[in-house]
Amino acid sequence: MDEAKKYLSDRLLSEEVPVTYRLLSRALNLRVNVAKQKLYEFYQSQNASRPGSVHAAYLIYGSKTEDGHPDSGDTDMDSSAPEHEPLSDHVPTKTVTIVAEEKLKEVLAEYEQVSSFHIYSLAPFPQRDLAMLSDVSRSLSEYRNAEEPAKALDTYGIIANPQARKRDRKGRPQILAPTAPKPITKQESQASTPKPSQPEKAKPEARETPSTSADATPSSSAGKKPPATLKRGASGGIMQSFAKAAAKPPKPKPKPEPKAKDEDTSMALSDDGEADEEDVLPPQKTVDHEALKRARKEREEALMRMMQDPEEDVREEAKKDDEQSDEEMEEASEPEPEPETEPEPEQQPKEEKEPTEVVSNSSNGRRRGKRRVMKKKRILDDQGYMVTIQEAAWESFSEDEAPAPAAAKATPTPTPASSAQKAKKAAAGKGGSQGSIMSFFSKK
Amino acid sequence: MVKLEDISSLLEASAHLPPKAPVRAPSAYKPLHSYALDKNRSYKQQYGDMYFLRLAKIKPAVEEVAAKAWADTEIGGERAKRVDRVLDVRQGELCWVAGTVYMDMKLKPNILEDVSKDSWLSAPISSQKYYSDDGSDQTMLEDDSGRVRLVGDPLSTIPLVTGCIIAVMGTENTHGEFEVIDIKVPDLAPQPERWALSRAPSAAGKAKSEDTEMTDSPSESGGKKIAIVSGLSFSGTDASYDLDLNLLLEYLLGEALGPEEQAGVSQISRLIIAGDSISTTTGKEHEDDDDKKRAQKKYGYDASAYNPLPSQLFDEFLSELLPSVPVTLLPGAQDPANASYPQQPIHTAMFPLSRAYAADAAAASASQPGWFDTVTNPWEAEVEGWRILGTGGQNVDDVFKYVESDDRLGMMEAMCRWRCCAPTAPDTLWSYPFQEDDPFVLKSCPHVYFVGCQPEFATKVVHGPDGQSVRLIAVPSFSKSKEVVLVDTETLEVSKVRITSR
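One line per chain: the protein sequences are Y and W, in this order.
The first sequence: position 188 = 188 (the UniProt record's numbering), numbered continuously.
The second sequence: position 367 = 367 (the UniProt record's numbering), numbered continuously.
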């Protein structure tokens with residue numbers, strides 16, 4: 001009660017900005033119906049001591065005498081039938097009106113029956129331009145609780161819906177864990193930048209947040225993980241994130257990324273939070289998400305089928321086996337010193353299993369043959385995401401004897417679940433130190 | 001006439017505030033994917049198949065109606081006999097024949113003209129109407145054999161558009177024109193029972209026996225409701241109805257109004273947004289800038305001209321609503337979806353905040369529909385057991401151009417009776433070139449047929465020969481009318497809420 005009074009007098013009398021019941025409810029964590037009441041009490045008490053110091057806008061809800069035809073004065077609903085749309089049935093119409101107190105009487109006169117009537121907003125000046133109120137409601141977004149909308153409904157007394165459901169991410173047991181850091185940072189940033197306009201705000205928030213974070217942290221074993229993986233994700237390259245995002249569409253509602261505060265403004269456009277989070281997946285997933293993996297493989301297969309580039313569909317065959325094992329891909333991705341860029345790929349359907357090179361002719365100090373290389377392809381997957389995938393392809397080459405050391409070839413993939421891109425990346429990193437600079441160019 | 005004194009008590013009715021906010025009524029919802037297109041669809045095929053399919057599917061129905069009506073028709077001692085093909089009509093013989101209507105109108109864009117003029121860009125549609133009242137418009141009846149021009153008085157009594165299937169009775173006159181004596185349309189398709197596809201919740205078991213005519217329920221507050229709104233037109237430049245949009249949000253969330261009314265609002269079990277949620281019109285001054293910047297355009301697209309604000313605002317709006325009420329979103333002409341009918345769902349990437357409520361794309365096929373369901377336009381579903389057909393309004397807007405009247409409801413009714421919800425596709429309404437199936441043919445008659453983005457609200461019930469009844473609703477654009485339509489899910493009675501500010 002006192003809190004409300006203080007808040008209202010701060011905003012209305014000191015800062016001279018309007019307050020709607022929604023703003024009051026958000027600012028003080030009140031139910032909207034209570035907030036309307038507070039507004040009314042404040043209005044009464046202020047104007048009792050100093051008439052005209054506070055001006056109200058009211059919200060009226062009810063049926064009007066005669067929709068848009070107050071002149072007819074006939075309360076019978078049916079009499080409006082012969083108006084401009086005689087072909088339509090007449091339907092009961094309720095009207096919600098926001099009206100400044102100055103015009104309240106004349107608006108009320110248009111109503112036949114009023115079923116709801118409450119103060120919508122208070123302002124320190126006559127509210128001529130009600131459009132100002134939409135600015136007020138825009139400021140509400142900073143009170144939005146992105147993590148717990150359901151809780152917000154309860155706090156503010158909004159109609160709750162027990163059926164409401166979000167999509168949940170499969171294979172992610174600890175959804176809450178990554179969110180744990182967030183409320184804290186939020187609280188901090190709020191405390192550190194106290195808005196002069198809402199002195200009260202920080203306090204209730206602070207009261208709230210500890211409980212939220214407490215809720216979130218119990219899965220502390222998992223809570224350890226995200227920061228590390230997040231870092232890795234950041235360096236993981238955009239390609240990787242895209243490929244994964246495509247494979248795993250679900251989007252968690254809690255945004256785990258550390259940029260907590262600016263979320264309000266920039267979240268709408270930023271998507272990297274999701275990408276980062278996707279990278280959390282592989283390590284945990286190795287064992288119990290076989291199904292997911294298989295689904296991804298199938299998907300990859302489908303993707304490959306889709307992209308029948310005339311020049312490239314020859315590589316289809318070669319690619320088939322690369323789905324069988326990721327190790328193979330890694331081998332294949334091994335950069336060769338100077339792959340001849342004379343793309344005359346031939347089909348090598350039988351050659352699949354181990355070799356990455358088939359030397360067809362080595363004479364004269366030159367070796368000729370075909371080798372497996374990784375090619376990048378960019379395609380649109382069936383959700384409309386652009387996906388860059390790697391696939392093995394055969395490429396003919398011709399080079400000097402003394403081939404590149406095949407030593408690094410059989411490096412086992414550290415994380416079998418990781419995607420082709422990852423394997424590729426690891427290999428590329430290694431190769432970069434060994435091969436000549438040419439390999440760098442020819443790979444692209 | 002309400003006096004302030006009468007209601008001032010409402011201001012202080014705080015003593016008995018209910019301790020808890022009301023709980024939203026559940027929504028029984030089963031969308032049908034009648035208009036979903038294959039993601040890998042091809043656009044190489046010809047449009048002709050659509051007309052062929054449509055005729056093949058509807059002709060039996062209209063012939064049945066016609067045969068029943070004209071079986072014993074005798075004029076001047078001559079019996080009307082059925083003729084299979086349009087070309088088989090013989091001069092002077094009384095006969096009837098079914099076929100597809102083609103309207104030849106000089107104001108109507110004509111693909112043949114474009115081709116002959118060698119202009120391959122579709123010209124901006126300049127005229128509001130294709131219809132011209134100088135009598136130069138011609139009505140043709142055609143099938144795969146040929147085409148005959150229709151003349152006669154009955155044509156002026158019934159609105160006809162390209163692509164609808166009718167049967168006509170009459171004779172061919174000496175000019176080679178078909179003198180129409182009577183016209184028959186296929187009329188309403190068979191109507192499924194309520195709860196034909198989904199199971200009625202056990203509490204609503206009584207609903208099973210109820211008919212659309214049933215009226216004796218407490219329609220004021222008792223029954224569940226579906227809210228339909230269209231043309232929200234979130235805009236980056238026009239803030240004139242921002243307050244109204246806010247009020248709409250507050251109303252639907254049950255924040256505005258008093259406790260009793262909030263309980264009523266909690267009966268709104270679903271919100272359907274029927275098109276044009278985002279306004280793409282930019283301010284005038286913006287266009288001047290465009291001229292200067294044109295040089296910087298890359299691939300004909302000026303990225304700086306894109307204004308992300310409308311979709312951002314819309315996303316915020318949705319994300320506030322979704323925790324409380326499920327939303328079905330149809331695309332409209334202005335929305336970021338494909339322009340041709342049937343429009344495919346707006347991609348959830350447009351809604352970074354709201355998409356957490358959308359269907360899981362990976363599991364979409366099997367599991368339940370998304371809480372936030374972005375759907376096709378047109379769209380068919382069974383909501384609370386009722387078969388509902390809805391569109392974003394382009395189909396009616398296009399039919400509107402063919403006919404003289406402004407009677408949108410009449411056009412909607414005609415579409416139901418033609419058994420085709422987009423007859424003018426693919427002639428003047430852009431459409432996907434269907435090959436195997438014409439989904440615009442109504443296999444079953446809906447209980448509710450709503451059309452969004454219309455100039456004004458209108459509703460009525462039409463009845464079919466076999467006891468079908470369809471509730472037609474023309475949903476106005478919220479940005480203009482500030483109205484939201486509520487449909488009672490037991491009685492299918494319609495009411496509306498208007499939002500104003502002074």
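Think of the hints as simulated: they come from the structure by calculation, not from any bench.
Idealized CB from N, CA, C, for every residue including glycine.
Keep in mind that the hints are not guaranteed to be accurate.
What the hints assert, rightly or not - Reference excerpt, derived from the structure (chain W facing chain Y, CB under 10 Å, subset only): (1) P26; (2) L253; (3) A256; (4) A359; (5) S431; (6) Q435; (7) E456; (8) I499.
What the hints assert, rightly or not - Footprint (simulated), chain Y over chain W, 3 or more residues, beta carbon under 8 Å: (9) 163 to 174; (10) 440 to 450; (11) 457 to 465.
Hints, one by one, checked against the model:
{"no.": "1", "hint": "P26", "result": "5 Å, holds"}
{"no.": "2", "hint": "L253", "result": "5 Å, holds"}
{"no.": "3", "hint": "A256", "result": "6 Å, holds"}
{"no.": "4", "hint": "A359", "result": "7 Å, holds"}
{"no.": "5", "hint": "S431", "result": "21 Å, violated"}
{"no.": "6", "hint": "Q435", "result": "20 Å, violated"}
{"no.": "7", "hint": "E456", "result": "7 Å, holds"}
{"no.": "8", "hint": "I499", "result": "5 Å, holds"}
{"no.": "9", "hint": "163 to 174", "result": "violated (count 0)"}
{"no.": "10", "hint": "440 to 450", "result": "violated (count 0)"}
{"no.": "11", "hint": "457 to 465", "result": "holds (count 5)"}
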